[in-house]
Amino acid sequence: MSESNAPAISSPVEYIQHHLTNWSVGVEHGEQVKIVDFSVFHVDVFLFSVLLAGLFAFFAWKIGKNLNPDRPTGAQNVVETLLEFVNQQVKDIFPNADRLIGPLALTIFVWVLLMNAMDFLPVDLLPALAGGIASLFGADPHHVYLKVVPTTNLDTTFGLALSVFALIIFYNIKHKGLWGYTKQFLFHPFGPYLMPVNIVMTAIEEVAKPVSLGLRLFGNMFAGELLFLLIALLAFSVWAMPAQIALGTLWAIFHMLVVPLQAFIFMLLTIVYLGLASQNDEHH
Amino acid sequence: MNVTATLIGQMIVFSILIWFIKGVLWEPMLKVLEDRKARIADGLAAAEKGKHEEELARQHALDELKKAKAEAAEIVAQAQKRASEIVDEAKNAAVEEAGRVKVAAQADIEQEVSRARESLRSQVSALAIAGAEKILGREVDAKAHAKALDELAAQI
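Chains as they are written, first to last, in my numbering: chain W, 54 to 337; chain C, 966 to 1121.
Here chain W stands alone, though its shape is the one from the complex (with noise of 0.2 Å):
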């Protein structure tokens, strides 16, 4: 603890920089990335996402291969409830909603709140392993950069919008037809005399959408993140430790709040937007 603390106690600004960098491809670590720039590659946000995606995955296959019909038990109760949750949520917002919005919003509230999930390990714990390993193999600790919770970065969050947001056009148009979408650019809100202004309303309205669900769940997540890294630079000295202990607990406690919450959110909104793009009602 006190020896990847060393840096914390010396320089917190370096310390908290050196937390919120990603190991990246197609960048010189410390460098500043660009807002948008496709040539990096996070090698941490898709590693952990990935990962957890696969136990997600191998979870899902290994209860859906063992399914008892009359005797449920164990996982498969825990599963079946949080299944019937969500399809429940879909039926209340989106009645005719066809059979991809169900595993849709499984998918995401799950693996959001298991990326969200990360966030509960110490802020310490995985950088420092990643560092202890790659000084086994001869390099640097400190030039090695570890980010563990993927959704405090917005390839993720933006990965999970930008694909809610084809599929709100995918059901706009499938829904309503090409025709019907651009009449709903063309005349929503105000009505065909108005017609500019509607183009950028609604322009404005359909794009607000991803944007929120990104940047709400990267919002979040990036700012408890950050509070458990400023948490952790308590550490600087033996007598601050009780107030390290006691705020870290209750940010944690919050923060178990928060990681559903967000999750839960997303789900909530992308089924709501994709209702909303599956109505076929112009009376509005």
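I should point out that these hints are in silico values taken from the structure, not numbers from a laboratory.
Ideal Cβ placement from N, Cα and C applies to all residues, glycine included.
One should not assume that every hint holds.
As the list claims (entries may be wrong) - Keeping only pairs whose Cα atoms sit at most 30 Å apart, straight-line, the calculated DSSO-like set for lysine-lysine is: (1) C:K987 with W:K229; (2) C:K1031 with C:K1014; (3) C:K987 with W:K118; (4) C:K1002 with W:K115; (5) W:K227 with W:K262; (6) W:K229 with W:K87.
Unchecked claim - If you want a taste of the chain W side facing chain C, the calculated C-beta under 8 Å gives, among others: (7) K87; (8) I88; (9) V89; (10) D90; (11) F99; (12) V103; (13) A106; (14) A110; (15) I116; (16) P122; (17) E133; (18) L287; (19) F289.
We have chain W; now place chain C onto it with these hints.
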């Protein structure tokens, strides 16, 4: 805090994960849940139906029992009627028989009486002649007094 090529990777992972979860978990489990729901509904309906049928059967049994009781009562009444008829018939037959026996007995008696009378009658003349012979001290010719003797016998 930037958007990079990872975005593409995440979208691909997301799509594959949805597809996988749909095929492996969502569809089979939803089917299991729906089947179970249907089975429970069927079971409840069957139980309701069974209850209804049991009620019907009980009603039917009660009706049958009532009918059987009524039939039994009818049979008993018939039997009693028949029994009293038989008794009456027997009584009548007995009375008739008794009458017949009595008539036969009376006929017998009358016959006996008349026979006795006849035999008496046939002996009266002999007795009378014997008496008269004793009185007169001589033989009486029965032929000569046949008329008087016949009158005497007729008086008996």
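Hints, one by one, checked against the model:
Of the pairs offered as hints, the one joining C:K987 and W:K229 holds, with about 26 Å between alpha carbons and a cut-off of 30 Å not exceeded. Using a Cα cut-off of 30 Å, the hinted pair C:K1031 and C:K1014 holds, with the two alpha carbons roughly 25 Å apart. Of the pairs offered as hints, the one joining C:K987 and W:K118 holds, with about 13 Å between alpha carbons and a cut-off of 30 Å not exceeded. A C-alpha spacing of about 23 Å is found between C:K1002 and W:K115, which places the hinted pair at or below 30 Å, so the restraint holds.
Note on W:K227 and W:K262: the hinted pairing holds, with a Cα-Cα distance of about 19 Å set against a maximum of 30 Å. For the hint linking W:K229 to W:K87, the alpha-carbon distance of about 38 Å lies beyond 30 Å, and the restraint is violated. Look at W:K87: its Cβ gets to within about 6 Å of chain C, closer than 8 Å, so that hint holds up. Contact between W:I88 and chain C, as hinted, is supported at the beta carbon level, the nearest pair being about 5 Å apart and thus within 8 Å.
Hint status for W:V89: holds, given a least beta-carbon distance of 5 Å to chain C, under 8 Å. Proximity of W:D90 to chain C holds as hinted, the smallest CB-CB distance being about 6 Å (cut-off 8 Å). Checking W:F99 against chain C: minimum C-beta separation of about 5 Å stays under 8 Å; hint holds. With 8 Å as the threshold, the beta carbon of W:V103 comes within range of chain C, its nearest partner Cβ sitting at about 6 Å, so the hint holds.
Against a cut-off of 8 Å between C-beta atoms, the interface hint on W:A106 holds, since the closest Cβ of chain C lies about 5 Å away. Because the beta carbon of W:A110 sits about 5 Å from the nearest beta carbon in chain C, less than 8 Å, this interface hint is met. For W:I116, the interface hint holds, since its Cβ comes within 8 Å of a Cβ in chain C; the closest pair sits about 7 Å apart. Restraint check, W:P122 versus chain C: the minimum CB separation of about 5 Å is within 8 Å; hint holds.
Hint on W:E133 holds. Least Cβ distance to chain C is approximately 7 Å, under the 8 Å limit. Among the interface hints, the one on W:L287 is violated; its C-beta lies about 24 Å from the nearest C-beta in chain C, farther than the 8 Å criterion. The interface hint given for W:F289 is violated, since its Cβ lies 26 Å from the closest Cβ of chain C, which is over the 8 Å cut-off.
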